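Chains as they are written, first to last, in our numbering: chain A, 2 to 220; chain B, 2 to 220; chain C, 2 to 220; chain D, 2 to 220; chain E, 2 to 220; chain F, 2 to 220.
These are calculated hints, taken from the structure and not from any lab test.
Here the structure is a predicted model, which means the values were calculated and not measured.
Glycine included, C-beta positions come from ideal geometry on N, C-alpha and C.
Wrong hints could be hidden among the right ones.
[As the list claims (entries may be wrong)] If you want the ones that stay clear, here's a sample from chain C, every Cβ over 12 Å from chain B, calculated:
#1 94
#2 96
#3 123
#4 168
#5 211
[Stated by the list, open to error] When the alpha-carbon atoms are kept at most 16 Å apart in a straight line, the in silico EDC-like pairs for lysine to aspartate or glutamate are as follows:
#6 59/D <-> 55/A
#7 125/B <-> 57/B
#8 59/C <-> 119/C
#9 6/F <-> 193/E
#10 125/A <-> 97/A
#11 6/F <-> 156/D
#12 6/F <-> 189/E
#13 122/B <-> 103/B
#14 6/B <-> 193/C
#15 6/D <-> 193/A
#16 59/F <-> 55/E
#17 6/C <-> 189/B
#18 6/A <-> 156/B
#19 6/C <-> 156/E
#20 59/D <-> 57/A
Protein chains: 6
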Amino acid sequence: MGIHKYFQSLSDLEGIYRCPGVFKYQEHSVASHSFKVATIVQFLATVESADGQEVDWKTLYEKAINHDYSELFTGDIKTPVKYALPKLRELFSQVEGSMTHEYLDKEFPSQFRKVYEERFKEGKDQSLEGRILAVADKIDLLYEAFGEIQKGNPESLFFQIYKEALSSILQFRDLASVRYFIHVILKEMISEEISSHTRIRSITKALLQSKESETARKK
Amino acid sequence: MGIHKYFQSLSDLEGIYRCPGVFKYQEHSVASHSFKVATIVQFLATVESADGQEVDWKTLYEKAINHDYSELFTGDIKTPVKYALPKLRELFSQVEGSMTHEYLDKEFPSQFRKVYEERFKEGKDQSLEGRILAVADKIDLLYEAFGEIQKGNPESLFFQIYKEALSSILQFRDLASVRYFIHVILKEMISEEISSHTRIRSITKALLQSKESETARKK
Amino acid sequence: MGIHKYFQSLSDLEGIYRCPGVFKYQEHSVASHSFKVATIVQFLATVESADGQEVDWKTLYEKAINHDYSELFTGDIKTPVKYALPKLRELFSQVEGSMTHEYLDKEFPSQFRKVYEERFKEGKDQSLEGRILAVADKIDLLYEAFGEIQKGNPESLFFQIYKEALSSILQFRDLASVRYFIHVILKEMISEEISSHTRIRSITKALLQSKESETARKK
Amino acid sequence: MGIHKYFQSLSDLEGIYRCPGVFKYQEHSVASHSFKVATIVQFLATVESADGQEVDWKTLYEKAINHDYSELFTGDIKTPVKYALPKLRELFSQVEGSMTHEYLDKEFPSQFRKVYEERFKEGKDQSLEGRILAVADKIDLLYEAFGEIQKGNPESLFFQIYKEALSSILQFRDLASVRYFIHVILKEMISEEISSHTRIRSITKALLQSKESETARKK
Amino acid sequence: MGIHKYFQSLSDLEGIYRCPGVFKYQEHSVASHSFKVATIVQFLATVESADGQEVDWKTLYEKAINHDYSELFTGDIKTPVKYALPKLRELFSQVEGSMTHEYLDKEFPSQFRKVYEERFKEGKDQSLEGRILAVADKIDLLYEAFGEIQKGNPESLFFQIYKEALSSILQFRDLASVRYFIHVILKEMISEEISSHTRIRSITKALLQSKESETARKK
Amino acid sequence: MGIHKYFQSLSDLEGIYRCPGVFKYQEHSVASHSFKVATIVQFLATVESADGQEVDWKTLYEKAINHDYSELFTGDIKTPVKYALPKLRELFSQVEGSMTHEYLDKEFPSQFRKVYEERFKEGKDQSLEGRILAVADKIDLLYEAFGEIQKGNPESLFFQIYKEALSSILQFRDLASVRYFIHVILKEMISEEISSHTRIRSITKALLQSKESETARKK
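Input sequences plus hints: build the corresponding full structure.
Given below as structure tokens:
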């Protein structure tokens, strides 16, 4: 009934995997995702700041770190559910809210309750920080889908997720950081060299030939 | 858009793990759980039948095999949620229902739609078969919790689950099979010898001594 | 020494993996396989029944649920062994039989011994139910091989298994359910869209273009 | 060659496990650890702030998020090495530094190089933020060791790590947050109820008795 | 059809796990086991050599490295089977022999066939090297069982395996290396300090007290 | 403080994975790698021997079995580090050396210290056995990279490793065994049939047609 339980619970987020029930080559936990989102917001806000925006960094990082803590109470609902039923999603948010409230009342020492209530609120509001969080959350999802597609995952769901995530990101094109993402990062992503099996043969042949001519020269 | 997708989706149930977000020594998938429940109802109904009850075996097995198929659409919501909020659970049932309906409309050839709609309905009704399913579902949950406790899992949640599951089973004491479970099976379970570290020393010593005296005798 | 041990042993089937010793992207346990076979016989028998056949549903489901329980005693012998040496396979069946017998004598309360001896017998006999089981067992194997091939598994063994499994299924073409499998399900399977890496580029470009023209229109 | 590679590399931190080569019941990746450290510094700094200290929150969170990024280049060296040879550790820090430098030169667009050079520097300096990071890093290590000990890990290394981590934390007793940790959190941790096997019997008996007396009363 | 396939097959031994179908905290592959047996024979033969025995080292190491290669064709049959039915075990040996023969005929270049036929033969003969192999194989099995017991595995099977393995080792007491094992190594094993949960409290208290008195002294 | 700890430590090598921090379809432990290297040197030395070279087999096998034991103290440093900084690698070798020395002093009974000091020394010297070990170590690395490329791993690192490993092997072309590797084994490797998705369709069609014509013939 205190911070010990809170610290201990962080480890449980390492055991909640995103997108359960679809075959994946690589699993991603909610804990890992939160770390990646925090790192992505760091970059996006750096671009915003360079573009002249005033960033509230403390709020930004706290939004990123805490944005999925409530999945501890609910787990990660299946992606198809999320995309098929916006109503359920909203309702889920409400339940998450009330469970978080209950958790704070039961587990948190009273002197920290207020500040954590603020921190555990839904972070994706209309502020600059809320919008950066929304973008970063989708960028990490896009990378998860891209990673599966690149590894040859035949599930068409990952194409859907890729599309849905990119589509959400594009809605924030008024942000300088999103424009940087589209014009620079995304370009790098889709032009990535595709590892092909034939490449191994050419490497092999090239090496063998260079060594052979080297040997010939020595004679 | 057909039975191929349905058959393929069965494999996704192998990737949905029960009780996500709590440390476990052994994971159990929804597919494995369904197999175990089917095997448990087989035994319980055998007892009921010996007790003179009329069992509708076809219905019983179909209830067991299909009872968690809808988790494909929703995932396995976290146990604490299930136990903390009966309202959410109910709501989830509704969502599962409507998603199942939608799935049948979209994926199933029309000639099979009706029979599968029946099969995918909530199975735990007031019929004998529905009650046997309810008991078997809790017996498997009890075994999952028992397995973790026996292996030394320090999470107190498993004691809660054990207690909750046993408590639910006891509500069906009017069934002969539940009485058999309580008076015979549960008794075996709780009297199980506890592997202790000291045992290895006594085995070692006993073996060494028997060999030594054997050697002595030979001289 | 009783049903407790029997219930507990079900969990061990979750730890026996099929086709050991070959690289797989996705593992399948004997427990999961049994669940899938039970679900597949349910469908095949539905087709048979619609075709006018009399199905003994109780027997059918019990055959499916129990058909690999004896692997608990023996493990899953390696697929190449199974296919290379029919004699060994037969012999293995015998050993499985005698071990099952011994297990029943030692572990099962006498009042259930007879009914379980019947249930643990080799299920793939010449009855309609035995033949449906034989087909369903091969359909699940076909899906396992298909899943690996689709994910890019370079082991040629999976092509062999695919071929062998399909070949076995085709021997039951006199069954209406097998004809449905060939003419409808298999067709869906082999015409499945192949996820290609290029697809991600086209999705990306299409989205970007539609957004750009949308932006242009707004000006 | 750009931020795409940087974002993609975050996922590699999900595949570097801490304390390699010792048996663990639960693995922790560098990515998960970074998330947990960020969450722990959030709490510690909240205590410091309540105590009247001026916290540079932006710097604090960036220290936490980035503090192990360089393990991407070097992996997580084995704990015994870390503790046995302080010289090697220092040398490793140097190598990490030069590799990080090289990485920034090669991969990062020039406009972000300077700010990230600052961010990727060793964070555990003598500032309040650097000291909070040092404490949080050890608190998470303490929890990792505690988790293994609690689950029954027989490796004595985890006792060593527990001791070493706690000892390091105690060196920062002048911080209000460390005093809170010692007097409140640590107390909760060591008084945690130990799950014992006997507890399951008492739960079982209590439930059975309450139900029996309930039944008796009804008659 | 050649050495390439042979080299590639070594990796398959990494995917065959010993004792399938029993819950284990730690899995051991046939590849890992072979490495450990090779390392154990190295030690045992060092003792024999010091005792004045003539060791044929080449033969010894080849026996160790190759002794389970044939499991590639057959998998690791379940331990209970091995112990319950000596007849089956013998028969399995025969099958392994004939499959190995067939494999050599089909896969191996003729110039190496004879030497590998010798290497793939059952290694546990009556020679000194064969007996050392038999002992080392059981020592590794003993360590596998000990590791599970020490971690708290409740399966009584591991006590059986421990007992059976130790019993087999003791039959070779005429070997100097086995006497060394019994009088020195086994003694260390069973006197190993048992990690207890209470230890963490005493470490904590001791550290806190030493720090407190240190603080008091400074004043 | 004796051979028991040494035997027990072998199991820790099963938990150190090679190339940490890069996505892999298949993990390889240091224990498995050591087994494979021992098996590969066995073959290479067989070729050398047939070529008329005098092989010191005892030394050869001990070099292979022990060559990575020191990773127990240091873990497997990340491949990019190894390849980027030869200086660090050398320094690491020194540290490994001194840690091994310390380990022998602390853990090993004095009568075995000298022989194990010899065994734990860097094995890749200029002797025939040292050179065979160097080649075998790279051959196994080549197979690891080939395995990932063949399974579709998009990480370009594996092409680098493949190239670097092959390049190292080619430097030993004066060995008859390396020439055999290049002219026979490598040829088999790169001409390996690539499993393609289309193959499954042709198998399916061929089988269906053969069965249909068979059916036609029967009429």
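Okay, the hints, checked on the actual structure:
Every CB of chain B lies more than 12 Å from the CB of residue 94/C, the least distance being 21 Å, so the non-interface label holds. No beta-carbon of chain B is positioned within 12 Å of the beta-carbon of residue 96/C; the least distance is around 22 Å. No beta-carbon of chain B is positioned within 12 Å of the beta-carbon of residue 123/C; the least distance is around 18 Å. No Cβ of chain B comes within 12 Å of the Cβ of residue 168/C; the nearest lies about 19 Å off, and the non-interface call holds.
Against the 12 Å criterion, residue 211/C stays outside the reach of chain B, whose nearest CB is about 26 Å from its own CB. Simply put, residue 59/D and residue 55/A have alpha-carbon atoms about 13 Å apart, close enough for the 16 Å limit, and the pair holds. Taken as a hint, the residue 125/B and residue 57/B pair is honoured in the structure, with Cα atoms around 14 Å apart against an allowance of 16 Å. For the given pair, residue 59/C sits about 13 Å from residue 119/C by alpha-carbon distance, which is consistent with the 16 Å threshold.
Only pairs whose Cα atoms come within 16 Å are accepted, and residue 6/F paired with residue 193/E is accepted, the gap being roughly 10 Å. Distance restraint check for residue 125/A and residue 97/A: the Cα-Cα separation of roughly 14 Å lies within the 16 Å cut-off, and the hinted pair is therefore satisfied. Distance hint between residue 6/F and residue 156/D is fulfilled; the C-alpha atoms sit about 11 Å from each other, no more than 16 Å. With a CA separation close to 8 Å, the supplied pair residue 6/F and residue 189/E stays within the 16 Å bound.
At most 16 Å may separate the alpha-carbon atoms for a hinted pair to count; residue 122/B and residue 103/B meet this at roughly 13 Å. Pair hint residue 6/B plus residue 193/C holds up; C-alpha atoms about 10 Å apart against a cutoff of 16 Å. Straight-line distance between C-alpha atoms of residue 6/D and residue 193/A comes to about 10 Å, which keeps the hinted pair within the 16 Å bound. The straight-line distance between the Cα atoms of residue 59/F and residue 55/E is roughly 13 Å, inside the 16 Å bound, and the hint therefore holds.
Our distance criterion of 16 Å between C-alpha atoms is met by residue 6/C and residue 189/B, whose separation comes to about 8 Å. In summary, the hint linking residue 6/A to residue 156/B is supported, as the alpha carbons are separated by about 11 Å, within the 16 Å threshold. Only pairs whose Cα atoms come within 16 Å are accepted, and residue 6/C paired with residue 156/E is accepted, the gap being roughly 11 Å. Between residue 59/D and residue 57/A, the direct Cα distance comes to roughly 9 Å. Compliance with the 16 Å bound is thereby established for this hinted pair.
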